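Undergrad: Residues per chain are reported as follows:
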Amino acid sequence: MATPKKLPATDVVVVGLGWAGSIIAKELADEGLNVMGFERGPWRDTAVDFNLASATDELRYNRRQELMLRTKQNTCTMRNTPAETALPMRDWGSFHPGNGTGGAGNHWAGITFRFQPTEFRLASYLQERYGKEVPAELTLQDWGTTWEEMEPHYDAFERLAGVSGKAGNLNGTVVEGGNPFEGARSREYPNPPTAQTYAPTLFAEAARNLGYKPFPVPSALASQAYTNQYGVTMGPCTFCGFCTNYGCANYSKASAIVNVLPALIRKPNFTAKTNAEVLKVTLDSTGKKATGIIYVDANGDQFEQPAEIVVVAAFIFENVRLMLLSGVGQPYDPVTNTGTTGRNYAYQTANSVRMFFDDKNFNPFIGGGAIGMGIDEFNNDNFDHAGLGFVGGGSTRVTPIGAAPIDSRPVPPGTPAWGSQWKKATVENYASSMSIGCEASSYSKRTNYLSLDPNYTDPHGRPLLRITFDFPENDLRMAEYCTNKVAEIAKSMNPRAFFPSPRKGPWANTSYQSSHIVGGFIMGADPKNSSVNKHLQVWGVPNLFVVGSSAFPQNPGYNPTGTVGALAFKAADAIRRLYLKRPGEMISV
Amino acid sequence: MTDKSKGFTRRQILVSSAASLAVGAAASAKAATVAGTPGWIPFDHNGPMHYDTPGWQFFTAEEAREVEAIVERLIPADDLSVSGKDAGCAVFIDRQLAGEYGTFARLYREGPFTPGTPAQADQSPLVPQERYRIGLAALGKYCQAQFQKPFSGLEGEQRDKVLTDLEKGAITLEGIDAQFFFQQVLGNTMEGFFADPIYGGNRDMVSWKMIGFPGARYDYRDYIALHNQKLDLVPLSIIGSSAWNKKG
Chain A
1 MATPKKLPAT
11 DVVVVGLGWA
21 GSIIAKELAD
31 EGLNVMGFER
41 GPWRDTAVDF
51 NLASATDELR
61 YNRRQELMLR
71 TKQNTCTMRN
81 TPAETALPMR
91 DWGSFHPGNG
101 TGGAGNHWAG
111 ITFRFQPTEF
121 RLASYLQERY
131 GKEVPAELTL
141 QDWGTTWEEM
151 EPHYDAFERL
161 AGVSGKAGNL
171 NGTVVEGGNP
181 FEGARSREYP
191 NPPTAQTYAP
201 TLFAEAARNL
211 GYKPFPVPSA
221 LASQAYTNQY
231 GVTMGPCTFC
241 GFCTNYGCAN
251 YSKASAIVNV
261 LPALIRKPNF
271 TAKTNAEVLK
281 VTLDSTGKKA
291 TGIIYVDANG
301 DQFEQPAEIV
311 VVAAFIFENV
321 RLMLLSGVGQ
331 PYDPVTNTGT
341 TGRNYAYQTA
351 NSVRMFFDDK
361 NFNPFIGGGA
371 IGMGIDEFNN
381 DNFDHAGLGF
391 VGGGSTRVTP
401 IGAAPIDSRP
411 VPPGTPAWGS
421 QWKKATVENY
431 ASSMSIGCEA
441 SSYSKRTNYL
451 SLDPNYTDPH
461 GRPLLRITFD
471 FPENDLRMAE
481 YCTNKVAEIA
491 KSMNPRAFFP
501 SPRKGPWANT
511 SYQSSHIVGG
521 FIMGADPKNS
531 SVNKHLQVWG
541 VPNLFVVGSS
551 AFPQNPGYNP
561 TGTVGALAFK
571 AADAIRRLYL
581 KRPGEMISV
Chain B
1 MTDKSKGFTR
11 RQILVSSAAS
21 LAVGAAASAK
31 AATVAGTPGW
41 IPFDHNGPMH
51 YDTPGWQFFT
61 AEEAREVEAI
71 VERLIPADDL
81 SVSGKDAGCA
91 VFIDRQLAGE
101 YGTFARLYRE
111 GPFTPGTPAQ
121 ADQSPLVPQE
131 RYRIGLAALG
141 KYCQAQFQKP
151 FSGLEGEQRD
161 KVLTDLEKGA
171 ITLEGIDAQF
181 FFQQVLGNTM
191 EGFFADPIYG
201 GNRDMVSWKM
211 IGFPGARYDY
221 RDYIALHNQK
231 LDLVPLSIIG
241 SSAWNKKG
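First to last, the sequence lines map onto chains A and B. The first sequence: position 544 = 544 (this note's numbering), numbered continuously. The second sequence: position 204 = 204 (this note's numbering), numbered continuously.
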């Protein structure tokens, strides 16, 4: 292959223009630095790409995955245990990585939780509370940061995304109607909660009757017109029901293309390069300084883009793969339990209870990815785990995302899949069924990790990323317990029938579970068992920052995007406030 | 693949759009009619092209007859709806197979192909075009051997029995796993029945009317607070509505 053409140097290169990369690029451009953003997919723009007249297309967006990364371009291989041979995910099943500016943050649901204060020191906290009762299979770690350090950045992301919700804990005072289990927040959400459809309303009533404290699920679907700190305006959500897996035509669902890029692209010191895939981060001969990146454009020509600061903020898989391909950090080895790049890979444990009624009409086509009500009594460590044999839990909620019918036509188990009986059951149940979800924690264990695949390569001849993952026993026990608790609520709603679906092993690519994938290049206080410090700065390579859910040491029972956004603001703040004062050094405060 | 299904150029679309505009005032509302591969242009802002080109684009006449005989039983005509055949499911599948889906043009197709574990999902070396071509031929062979007739020559209940046996894996097909073939056809049939009519199935929005799905609507702010009420909203397709056509 020809030597990549070397381009004039810039101050900052940002890899990936989804939520994290766009935020950091904007913050550093505001600092006056020359910033170049690289995106492997196309430039996307609401007015052009998510046209009202064609956005409502289930076949195109949900079935054929128009907005997702094409596996032909890049995919992962998967296996459940280190003893198996990994095979490529030829079609996305279990999760949906994104493509183009905005990334997976275009087709996300919009649920925007903060993690709880104890999460950031989870290993220490659980050890203090339960000691030897914490299952030995788990490799939980602290994040090396604190709630107090995270809170301002959560606040910044909520303002940015125009999150609609109700505070449950304002500066330490518990507020009626919000989530009483949330960490103390400095301000109310920027927008009030959205209106609710029937199913979440009914669920909230049942939960309240059982003594739980339901709250509106924090939503990046704007409840009203809203202008954020970058001067970008969102429109109110219309509850169209083409939300998760779709782009929003109304500027209502927050994303980098709605909330950040319109302001960023107008700045003269920012340039976006799209359809430009970054092949590696280049290091100098000492391996302690990143010198820039190599990328390939749509013509297949390679270029070297030198930079003073390199920020890698792609989706988790590409963050970790780029580090492995660039030789940053020692690859994790589950046998010797050494190395850091690829360790503590975790997921989300998705459970649900499906209910069928005779006398209800939920109009299930009305909704959105984050229009719903939830409770947190069975999440994380919000309940006493003593004697239960597991740790962790899940966020319980009803958020009907819409019901476009290729995929959304629930029938009771045992119903034929075709023929007249199938059709009759489909008609009877379409509008009168609802589901309670329990999006639960996924805790890391030693044999769940990311590495380079020895057999399969991408179109550029680089190894695919290999996922080795199965649900820990701990998480399967948790799933059983929490789903039973959710089933009690379901039962109290007097459905004709209800069917709990606790997550069972093995992890499979056969049906969609969640795109909440974490770990592999994790945060921590110790370079021995983490890849980046609390500022998302790579241990030993001070001018390289790797930002995203790849930094989570494990995943709590919440959706990750709020924390990804907060970490992006945190890294940007560290670079602006601390790194630029002493460039080339590890930040020590 | 035939020449006509090779795809279209932007120039062709412009020409076709202009042509359909010229007749648009007289005809009922249809989006641009384009000969060629169905689908949208990836990353283009336009909606998918609407195809009412007569004839089959991927299937041979014989294959089309067999697929229609299958979808007619998977979704039988009854008092709830017309059959899958009359809803256009076979047309939908034909157009899908003629397009990028038919060759899995967007998917990772590098070998080696090995079956793997059930958790590793679809590892078949066959793309949808091959799955249908091989599966339909094998089904024909099976039916000839068993009944001395093609599948489409069987009575309704006989056809249901064969389909049930395929579903259960009680039949062995030559060149393709019977259950795998069945699930491929069933999945595409349901897509065709419930997708927007712009793709050739779900004719007259038959499935949407049947279940009460209002289709391509985009604003429910006036309805979200109407809990537990039947709304009886008239469904809309991406194609548009003849009611929007300027008459006269």
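Each hint should be verified, as a subset may be incorrect.
Going by beta-carbon spacing under 8 Å, a handful of chain A positions derived as facing chain B [said to hold, decoys possible]:
#1 D91
#2 E133
#3 K289
#4 T291
#5 A508
The calculated lysine-lysine pairs, modelled on PhoX-like cross-linking and capped at a C-alpha distance of 25 Å, are [unchecked claim]:
#6 A:K360 <-> B:K209
#7 A:K289 <-> A:K581
#8 B:K230 <-> A:K360
#9 A:K424 <-> B:K168
#10 A:K6 <-> A:K273
#11 B:K209 <-> A:K504
#12 B:K168 <-> B:K141
#13 A:K5 <-> A:K360
#14 A:K424 <-> B:K141
#15 A:K424 <-> B:K161
#16 A:K289 <-> A:K6
#17 A:K581 <-> A:K132
#18 B:K230 <-> A:K424
Hints listed in this document are in silico derivations from the structure and should not be mistaken for laboratory results. Keep in mind it's a predicted model, so treat the numbers as computed, not measured. Here a beta-carbon is modelled for each residue, glycine too, at the ideal position from N, C-alpha and C.
Undergrad: Against this structure, judge whether each hint is valid.
TA: Comparing the hints with the structure gives:
no. : hint              : result
1   : D91               : holds, 6 Å
2   : E133              : violated, 30 Å
3   : K289              : violated, 35 Å
4   : T291              : violated, 32 Å
5   : A508              : holds, 4 Å
6   : A:K360 <-> B:K209 : holds, 19 Å
7   : A:K289 <-> A:K581 : holds, 17 Å
8   : B:K230 <-> A:K360 : holds, 10 Å
9   : A:K424 <-> B:K168 : holds, 22 Å
10  : A:K6 <-> A:K273   : holds, 15 Å
11  : B:K209 <-> A:K504 : violated, 36 Å
12  : B:K168 <-> B:K141 : holds, 19 Å
13  : A:K5 <-> A:K360   : violated, 65 Å
14  : A:K424 <-> B:K141 : violated, 33 Å
15  : A:K424 <-> B:K161 : holds, 20 Å
16  : A:K289 <-> A:K6   : holds, 18 Å
17  : A:K581 <-> A:K132 : violated, 44 Å
18  : B:K230 <-> A:K424 : holds, 19 Å
Checked against the numbered hints above, the structure violates hints 2, 3, 4, 11, 13, 14 and 17; every other hint is satisfied.
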